[in-house]
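Same order as they appear, the protein sequences are chains C and Z.
Read in the numbering used here, the first sequence has 56 at position 56, and its numbers run on one by one without any break.
Just add 428 to wherever you are in the second sequence, counting from 1, and you've got the numbering used here.
Check the hints yourself; a few may be wrong.
Stated by the list, open to error - Once the Cα atoms are required to be at most 20 Å apart in a straight line, the calculated DMTMM-like pairs of lysine to aspartate or glutamate come out as: (1) Lys444(Z) - Glu153(C); (2) Lys450(Z) - Glu416(C); (3) Lys444(Z) - Glu190(C); (4) Lys591(Z) - Glu547(Z); (5) Lys34(C) - Glu193(C); (6) Lys170(C) - Glu464(Z).
Simulated from the structure, these hints should not be mistaken for laboratory data.
A quick note: this is a predicted structure, and the numbers were derived from the prediction, not measured.
Given next are the chains, with one letter for each unit.
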Amino acid sequence: MKGKSFLWQNKRLMAHILFRHRDIPDINKLDVYKKNGGFAALKNAVTKMKPAEVTDVVKNSGLRGRGGAGFPTGMKWSFMDSKSWPHYVLANADESEPGTFKDREIMENNPFQFLEGVALASYAVGANLAYVYLRGEFWQVAAFLDEKLAEMEDAGYLGENLFGTDYSLKIHTHLGAGAYICGEETALMESLEGKRGQPRVRPPFPPSVGLYGKPTVINNVETLTNVPLILANGADWYKSMGTADSAGVKIFSLSGRVRKPGNYELPFGTTFRQLIYENGGGVQDGRPVKAIMPAGASSSLIVVDDKTLDTPMDYAFVRTLGADLGSASVIVIDDTVSIDWVINKTIHFFKHESCGKCTPCREGNYWMRHLTERIHSGNGYSTDVDLLLNVAKQMQGKCLCALGEFSTMAVVTGIERFPQDFKKAVKA
Amino acid sequence: MLLEKYPKEVKQILSKYPPEHKRSAVMPLLYLAQREEGYVNKAAMQDIAQLLDVTETEVASIVGFYTLYHDEKAGKYRMQVCTDLPCALRGADEFLNNLCANLGVKVGETTEDGLVTIESVMCLAACDKAPMFQTQGPDGIKYHENMTVDRTMELIEALKKVKE
Ligand code: FES
């Protein structure tokens, strides 16, 4: 079995599964990728497996979406409406959550593994056309992927009649143009259709009605990059890593007041303490950690104590701290930072990025922005803090998409969990 | 006319999308239209509308919605400094202030020679490499990471020498 060779290469304790460029130099070159087992999974799938079998392996591996929602990937694929054709696959490379910078590292350094993942997903759901939707700022990354796609086509890993079968596949890149909301899956589809990137009302969901009104699978870059090795090494291999709730490995984007910010690929279940102190080298100037935002700007603020630091990071455990792991973009805030400043920053972001389609999000963020600014500038009263909390809570559960909901997270948890910071910030 | 000026590029862009969904090409075509002057003028919008069988208003609404399209002239390069939360935790606000002071401009303004416009933008997915910014100019978008004001001034000197 070809898969064995992968296992051996990964035997060195904690060799990377996604960031293989950190172990294998030049893996962004086609021949080096091939020499290290590249495209074996794709060839095996297309020539020897039925599409549904590919989906089953991914289902059994326990892989969950890495973009933030954590939805089981194989299950998503199995929802595709088989009565409506053609099918499309979209790779979500819009990576715009403040604090998230993992997909970019994958695409820049291990592009073929990602693209092989796109191809495997496409085969599994019977798509002959797939798009990689990148945020507009990833201009250089898109140009680089275009080169890699051309190389794959020349080598026969893309195009007509793959490996002599009747399966054909084209993959194209598509650049966005600076809109956070396009990371939301239906907004991304609108954008790709040449419209303003505003979310659609759901249901119907993309596996029934997606791009161009056809069944569509949309997965995050990191999610797809897992797929080739899962196919090569098997579902059990993947499940042997991580926790019972969250199988496998995750890239944690660590930012904020740490000594060594960066991406760290670690198994689910790694504790915050390990990430921040062992990988991240601890906090700048040796200060204590005051708060953590585990899911970027969309995150609830976690109050940090010993128990928090020793919490294993997976989807279920982080929830016990009153937050979501989301995209695992861990922003570290130390005790020199006041939380009223933090939420002023996050609301500045959400106010700017609200797409304007639904009223609670558009108006709510407008007013929250006025209030956070007033409080942070020292011109606020305690009634402004009450009003801010009130506005945020009124928005919850009423917005069309997750952006509106997310915008309230840091505000509500910031005020409720760090009341002393707001007392200090206001006049009375 | 876009088609006359860039026949190869337009054809290549259109070939990416199913012919019955050619409207999808609006975003790449807008980038193309913006290439020379750094903003999309009215004629180009008309052009694109015609190419894709959509109204001019629809094209204009795309330009208005997305932050990387511009309908007004600015400096040859837009220097877009990220001051979002993670970068701000690593000194991005001070960097932007010092840079502005050095150049004698405010955020949103252009240097006297028309070379750079300084802007403050949201997260660019480089939060571990703050202070950072991107330049948007005739040659597309480029990232500049782990920057200092001194190195930025050197970059600006180098940009002055870039010929059209
Ligand atoms: S916050 Fe500046 S790049 Fe992410």
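Between the alpha carbons of Lys591(Z) and Glu547(Z), is the straight-line distance 20 Å or under?
violated, 23 Å
Holds or violated: are the alpha carbons of Lys444(Z) and Glu153(C) at most 20 Å from each other?
holds, 15 Å
Is the straight-line distance between the alpha-carbon of Lys170(C) and that of Glu464(Z) 20 Å or less?
violated, 31 Å
Run the distance test for Lys450(Z) versus Glu416(C): straight-line Cα separation, threshold 20 Å.
With Cα atoms ~50 Å apart, Lys450(Z) and Glu416(C) exceed 20 Å; violated.
Agreement of Lys444(Z) and Glu190(C) with the hint, judged by alpha carbon distance not exceeding 20 Å:
holds, 16 Å
Hey, Lys34(C) versus Glu193(C), does the alpha-carbon distance stay inside 20 Å?
Answer violated: Lys34(C) to Glu193(C) is near 34 Å, above 20 Å.
Of the numbered hints stated above, those contradicted by the structure are hints 2, 4, 5, 6, listed in ascending order.
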